[in-house]
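**Q** Based on the sequences and whatever the hints tell you, model everything.
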Amino acid sequence: MSRLAQRFAALRAARRAGLVIFVTAGDPHPELTVELLHALVAAGADVLELGVPFSDPMADGPVIQRASERALAHGMDLRGVIDLVYEFRRSDAQTPVVLMGYLNPIEQMGVPRFAAAAANAGVDGVLTVDLPFDEEPEYAAALKASGLDSIFLLAPTSGRERARVVAERATGFLYYVAVKGVTGAGRVDLADVQAQVQALRTHTPLPVGVGFGVRTPAAAAQIAGFADAVVVGSAVIELIEAAAGAGVTGTAALSGAVTLVRELRAGLETVGGTQ
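Reminder that position 139 of the sequence shown reads as 139 in my numbering, one-by-one numbering, no gaps.
In short, the hints are calculated from the structure, not lab data. It should be emphasised that the depicted structure is a prediction, and the values quoted were computed from it without experimental measurement. Treat the hints loosely; a few may be bogus.
[What the hints assert, rightly or not] Here are the simulated DMTMM-like cross-link-like pairs (lysine to aspartate or glutamate), alpha carbons at most 25 Å apart as the crow flies:
no. : residue 1 : residue 2
1   : K144      : D134
2   : K144      : E107
3   : K144      : E161
4   : K144      : E87
5   : K144      : D77
6   : K144      : E168
7   : K144      : D130
8   : K144      : D83
9   : K144      : D92
[To be verified] Between beta-carbon pairs, the in silico distance windows are:
no. : residue 1 : residue 2 : range
10  : R162      : E31       : 37 to 43 Å
11  : G247      : D130      : 34 to 40 Å
12  : D130      : S2        : 22 to 28 Å
13  : G225      : G159      : 24 to 30 Å
14  : G110      : S255      : 38 to 44 Å
The beta-carbon is built from N, C-alpha and C at its ideal position, and this holds for glycine as well.
**A** Shown next, in the form of structure tokens:
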């Protein structure tokens with residue numbers, strides 16, 4: 001059983017929604033990324049989603065775009081992200097790690113080489129934002145051959161048939177985008193999101209996580225009432241960015257983000273599980 005499957009099984013047994021936290025590898029600095037990941041786990045993150053910085057994103061809002069720019073300025077690349085996961089795994093063999101990024105850096109490395117290197121480092125799943133699931137079956141096959149889960153986004157604009165097929169082919173968990181827009185933007189219509197999540201469950205036994213636009217412990221707790229996981233990214237990165245803008249450096253630059261994760265986790269603890 002994969003780390004993702006084990007974690008979601010444990011969450012289901014505990015009747016609690018999972019907390020998935022997104023940060024960009026290399027932000028605020030590559031030397032702080034592994035420390036940040038461990039701090040997020042200690043604060044209550046159940047799954048870590050590690051963004052691979054890319055110069056031309058299409059799904060990331062301005063907050064995560066700026067995080068990518070800072071990471072790229074520090075020399076972070078896909079190989080460096082994989083190395084950070086390898087370092088993280090030296091002292092954490094349990095927490096699932098998902099890479100989220102774009103196809104170009106993976107193609108430059110070579111898909112089979114990337115899949116093997118990521119799996120060897122301890123990556124559990126990959127979400128490639130700009131690769132439709134039906135356009136590159138060899139890519140999914142390479143991930144599967146290395147034991148990596150293929151995680152897909154589904155949006156409010158996804159048709160019923162497409163949602164059904166994606167739900168049937170995905171592994172790990174499904175990531176439902178709660179807003180029509182980029183990360184961190186828009187107002188979440190909880191009633192509509194709940195209906196979409198319930199519809200997805202008719203097509204797959206996989207856990208369904210909800211992200212994009214989730215910014216507060218209160219919003220996270222509401223989503224936890226019907227989803228298997230809540231994904232939060234921009235709100236966490238904003239606090240890292242604010243600390244850097246205020247001239248805060250080193251471990252202290254991470255404290256605001258860690259505090260928010262602790263508050264998010266406390267909110268989820270008050271909500272019963274969905275299954």
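**Q** To test your reading of the hints: which numbers does this structure violate?
**A** Violated: none.
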